[in-house]
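Residue numbers (our numbering), protein chains in the order written: chain A, 37 to 747; chain B, 4 to 162.
Check the hints yourself; a few may be wrong.
[As the list claims (entries may be wrong)] DSS-like mimics (lysine-lysine), calculated; alpha carbons at most 27 Å apart, straight line:
id, chain 1, residue 1, chain 2, residue 2
1, A, Lys574, A, Lys587
2, A, Lys117, A, Lys269
3, A, Lys690, B, Lys128
4, A, Lys683, A, Lys472
5, A, Lys683, B, Lys128
6, A, Lys463, A, Lys304
7, A, Lys703, A, Lys690
8, B, Lys74, A, Lys588
9, B, Lys130, A, Lys690
10, A, Lys595, A, Lys463
11, A, Lys530, A, Lys562
12, A, Lys683, B, Lys130
13, A, Lys347, A, Lys472
14, A, Lys218, A, Lys228
15, A, Lys562, A, Lys596
[Claimed, not checked] Incomplete in silico selection of chain B near chain A, CB under 10 Å:
id, residue
16, Tyr42
17, Cys103
18, Gln151
[Claimed, not checked] Covered stretches of chain A, going by a simulated chain B footprint (3 or more residues, C-beta under 8 Å):
id, stretch
19, 261-273
20, 633-639
In case anyone wonders, no lab produced these hints; they're calculated from the structure.
C-beta: ideal position from N, C-alpha, C; glycine also.
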Amino acid sequence: MNEHANVPLAIEPERYELREARAYVFDLTRRDLFKFLGAGALILCASSRATALQESGRGQRRMDDMPKDVGAWLHIGQDGKVTVFTGKVEVGQNIRTSLSQAVAEELRVPTSQIRLVMGDTLLTPYDMGTFGSRTTPTMNLQLRRAAAAACDMLKDLAAQTWNVPRGNLIAADGKISDQLSKNSATYGDLLKNRELAQLIPDQDPLLPATEWKIAGRPLSKIEGRDFVTGAHKYPSDQKRPGMLYGKVVRPSKFEAILASVDTSGAEKMPGVIVVRDGDFIGVAAPSEELATRAAAAIKSEWSAAPQPSSKNVFEYLRNNPAARESSNASPQASSPTNAISASYNVAYIAHAPLEPRAALAEWNGDMLTVWTGTQRPFGVREELAAAFHIPQESVHVLMPDTGSGYGGKHTGETAIEAARLARAAKKPVKLVWTRKEEFTWAYFRPAGVIDIRASVDSNGRLEYWEFTNFNSGGSGLNTPYAAEVRNEHFQPTKYPLRQGSYRGLAATANHFARESFMDELAHRAKLDPLEFRLKNLKDDRLRAVFEAAAKKFGWPHGKKSPGQGFGIAGGVEKGGYIATCGEVAVERGTGAVRVVRLVSAFECGAIVNPDGLRNQVEGSNIMGLGGALFEAIDFEDGRILNAAFSKYRVPRFKDVPVVETVLLDRKDLPSAGAGETPIVGVAACIGNAIFDATGIRLRSLPMVPNGLKLV
Amino acid sequence: MTNISSLHVNGANRSVDADAQSSLLSVLREQLDLTGTKYGCGEGQCGACTVLIDGVPHRSCLTPVADAEGKTITTIEGLAHGDHLHPLQAAFLAEEAMQCAYCTSGMIMSAVGLLRTDPSPTETKIKDALDGNICRCGTHPRIVAAVQRAAHSMRGGAQ
Numbered sequence: 037m038n039e040h041a042n043v044p045l046a047i048e049p050e051r052y053e054l055r056e057a058r059a060y061v062f063d064l065t066r067r068d069l070f071k072f073l074g075a076g077a078l079i080l081c082a083s084s085r086a087t088a089l090q091e092s093g094r095g096q097r098r099m100d101d102m103p104k105d106v107g108a109w110l111h112i113g114q115d116g117k118v119t120v121f122t123g124k125v126e127v128g129q130n131i132r133t134s135l136s137q138a139v140a141e142e143l144r145v146p147t148s149q150i151r152l153v154m155g156d157t158l159l160t161p162y163d164m165g166t167f168g169s170r171t172t173p174t175m176n177l178q179l180r181r182a183a184a185a186a187c188d189m190l191k192d193l194a195a196q197t198w199n200v201p202r203g204n205l206i207a208a209d210g211k212i213s214d215q216l217s218k219n220s221a222t223y224g225d226l227l228k229n230r231e232l233a234q235l236i237p238d239q240d241p242l243l244p245a246t247e248w249k250i251a252g253r254p255l256s257k258i259e260g261r262d263f264v265t266g267a268h269k270y271p272s273d274q275k276r277p278g279m280l281y282g283k284v285v286r287p288s289k290f291e292a293i294l295a296s297v298d299t300s301g302a303e304k305m306p307g308v309i310v311v312r313d314g315d316f317i318g319v320a321a322p323s324e325e326l327a328t329r330a331a332a333a334i335k336s337e338w339s340a341a342p343q344p345s346s347k348n349v350f351e352y353l354r355n356n357p358a359a360r361e362s363s364n365a366s367p368q369a370s371s372p373t374n375a376i377s378a379s380y381n382v383a384y385i386a387h388a389p390l391e392p393r394a395a396l397a398e399w400n401g402d403m404l405t406v407w408t409g410t411q412r413p414f415g416v417r418e419e420l421a422a423a424f425h426i427p428q429e430s431v432h433v434l435m436p437d438t439g440s441g442y443g444g445k446h447t448g449e450t451a452i453e454a455a456r457l458a459r460a461a462k463k464p465v466k467l468v469w470t471r472k473e474e475f476t477w478a479y480f481r482p483a484g485v486i487d488i489r490a491s492v493d494s495n496g497r498l499e500y501w502e503f504t505n506f507n508s509g510g511s512g513l514n515t516p517y518a519a520e521v522r523n524e525h526f527q528p529t530k531y532p533l534r535q536g537s538y539r540g541l542a543a544t545a546n547h548f549a550r551e552s553f554m555d556e557l558a559h560r561a562k563l564d565p566l567e568f569r570l571k572n573l574k575d576d577r578l579r580a581v582f583e584a585a586a587k588k589f590g591w592p593h594g595k596k597s598p599g600q601g602f603g604i605a606g607g608v609e610k611g612g613y614i615a616t617c618g619e620v621a622v623e624r625g626t627g628a629v630r631v632v633r634l635v636s637a638f639e640c641g642a643i644v645n646p647d648g649l650r651n652q653v654e655g656s657n658i659m660g661l662g663g664a665l666f667e668a669i670d671f672e673d674g675r676i677l678n679a680a681f682s683k684y685r686v687p688r689f690k691d692v693p694v695v696e697t698v699l700l701d702r703k704d705l706p707s708a709g710a711g712e713t714p715i716v717g718v719a720a721c722i723g724n725a726i727f728d729a730t731g732i733r734l735r736s737l738p739m740v741p742n743g744l745k746l747v
Numbered sequence: 004m005t006n007i008s009s010l011h012v013n014g015a016n017r018s019v020d021a022d023a024q025s026s027l028l029s030v031l032r033e034q035l036d037l038t039g040t041k042y043g044c045g046e047g048q049c050g051a052c053t054v055l056i057d058g059v060p061h062r063s064c065l066t067p068v069a070d071a072e073g074k075t076i077t078t079i080e081g082l083a084h085g086d087h088l089h090p091l092q093a094a095f096l097a098e099e100a101m102q103c104a105y106c107t108s109g110m111i112m113s114a115v116g117l118l119r120t121d122p123s124p125t126e127t128k129i130k131d132a133l134d135g136n137i138c139r140c141g142t143h144p145r146i147v148a149a150v151q152r153a154a155h156s157m158r159g160g161a162q
């Protein structure tokens, strides 16, 4: 199951995320689509690569054959209802809401008339996955373009129908009106008995953000009512007629090989189906409790080689390099004699999405349908096709809006397990991982070691900067500060646990190290930490968020009571600019550390949904507290020792400080994603505040799993 | 083993066929399709499975169904009256106190229990009452604000 320990880089996180998209192969003809959707207008938005391949640069063309490479499409029916199809998925980042706003804006319809079909491999165009904060900069634009083209098409149609000049037509509230002739018709009326289709490239003009009327304002979560009444069906809530519940027998350790198994106890249980296929052992039963009892009745013996533990993981990473990758190396220069150095550690942590992995699989002959919570429905379709040796066309993956992911739900193991059980049971099977399975058999945010060596001249300017990250990844590796000589490396290593993507990827680790070390350098240079940063900064957008956060926070904070400390940190990642100021209180005697206040300033271009954005920034800050203060996966010799919420501490209400957010709206800049970057400053800002309070520099995440040891 | 054949849920008697030791959570979800009550940990640590038994919040994952027999069980599906949302549901919407919303049912049920015994809780009381409920998306400040808003509204103030 986990071949990675001997095959480094098998799922190295950045590479894993940036897998090249395959061209979408569209099986349906235009006629099929109208048959399926009903008459009306159909707008297909080419993905940018397809656009580049087109010979003609003209804005719109009619087509009979379906194009091969479509990023998104939308349909307006004769009832005026707008259906948008996108392969992106909703995991709590509220992208369903902000994409609806974008369409409403350009198409001039109320958001209540728009429905998004998301992450359905049969109905939506191919999409690589929902990660890397890419939905807003890519899908938002494609949908806006499709919506703008639809609006133009409707105006053309009205101008022809009424024989009036197109220039006088106004689109608003789902209607086209002519100011002079006083004609007016709803989109649905204009489209009666028509089948219009257009393919548009992605260079169509869009409304500038300064003219947005629907986008750029707060909009509540779409279908929010279903979530507060319990009506929404998450993947783990799905049900099919005759469905059974699955359970998988797990190995005793990672990398373990099945030595022997006795399934007779489970086989005697009425209604229980036992599946044994190589090292896969699982059961399906009419209730989850029976499935659990049956799995427990199976006696299995496993053998595994000794494996590293969390106690020596940082040594292990440092001593087990894989092929080196350089990302930004100046011509080799030896470090100046006045250089100082430090090493930082980052522990493995878990995403712990509150909804564990879940999948419901159903076979119909050779056709497989799976409902599952994943950030990559098309990736899971590929995994299923490969696992069962069937064509991808035989697999249909659906992704109901899911109980969060944070980068943790990219893979399809639960879907494969459920499908294997369903094939044997000849009935639909639902498999919901237990919390223990989620903490053990999912993948983790990589642990890492970061070495920094740097020097500052007598004017407080960085002259030498050397930075090496072992294992955790290359995101956020490069410093935004202007150093004369820079050597920045990501050093892949062998690694002891299954690891992968996490909100912000390695940017959290790299910012923790860099922004902590910048603080150390500032203190050496006897400069205020903010002043030192600004002195070495050439990026105006980063400067702006630092200044905005500092202003709101009241930096430099004058009065200090005993145990009180203030810190600042920031950076640039995925097109977003973040600065975070924090206040901590360290209790004398016990050494307990409490984060009192966090103030963030964030800028990601033109803001689409200010309240949704604020929610993401606040959420990033609070989630970031966990990894900063106390979250760590404790493991030993192939076993996770704290695979439960009672042993793995996540932020709770009493941990949550006052969180304040300043949003800088740059309507002149394209919108960037925002689900990840606001997390990257939290740990360093808190570490710097702890240093300010106590003079103790903490260089290992989590910083205070058991409080601070005061000397 | 004794079996449980009936539960009083959301104002109605519902037929079930469950082993006495089965968790209330599994019976609600599997037999009554009341999937608004969520599994999150199975050890009473996350609060996603919170329901009211005779008005008091309980972790349904740790509650044997026999313990709920003959008592009044309220789940998230039983809070609204027709189209009329419970003030806490309305307040969670008004404060946008959710992201993925998987914790929302449990948060609301825990808060219903709190406001029943303390109609004007301080911020500290709210945090104490909800500390056993995990939200991984980090919407805690909004949840506290939503509970305050609902408390105000239930005391007769404007929403």
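Evaluated hints:
no.: 1; hint: A:Lys574 - A:Lys587; result: holds, 20 Å
no.: 2; hint: A:Lys117 - A:Lys269; result: holds, 23 Å
no.: 3; hint: A:Lys690 - B:Lys128; result: holds, 10 Å
no.: 4; hint: A:Lys683 - A:Lys472; result: holds, 11 Å
no.: 5; hint: A:Lys683 - B:Lys128; result: holds, 25 Å
no.: 6; hint: A:Lys463 - A:Lys304; result: holds, 20 Å
no.: 7; hint: A:Lys703 - A:Lys690; result: violated, 37 Å
no.: 8; hint: B:Lys74 - A:Lys588; result: violated, 52 Å
no.: 9; hint: B:Lys130 - A:Lys690; result: holds, 6 Å
no.: 10; hint: A:Lys595 - A:Lys463; result: violated, 68 Å
no.: 11; hint: A:Lys530 - A:Lys562; result: violated, 40 Å
no.: 12; hint: A:Lys683 - B:Lys130; result: holds, 21 Å
no.: 13; hint: A:Lys347 - A:Lys472; result: holds, 21 Å
no.: 14; hint: A:Lys218 - A:Lys228; result: holds, 20 Å
no.: 15; hint: A:Lys562 - A:Lys596; result: holds, 18 Å
no.: 16; hint: Tyr42; result: holds, 7 Å
no.: 17; hint: Cys103; result: holds, 3 Å
no.: 18; hint: Gln151; result: violated, 13 Å
no.: 19; hint: 261-273; result: holds (count 11)
no.: 20; hint: 633-639; result: violated (count 0)
In this structure, the hints that do not hold are numbers 7, 8, 10, 11, 18 and 20, in rising order.
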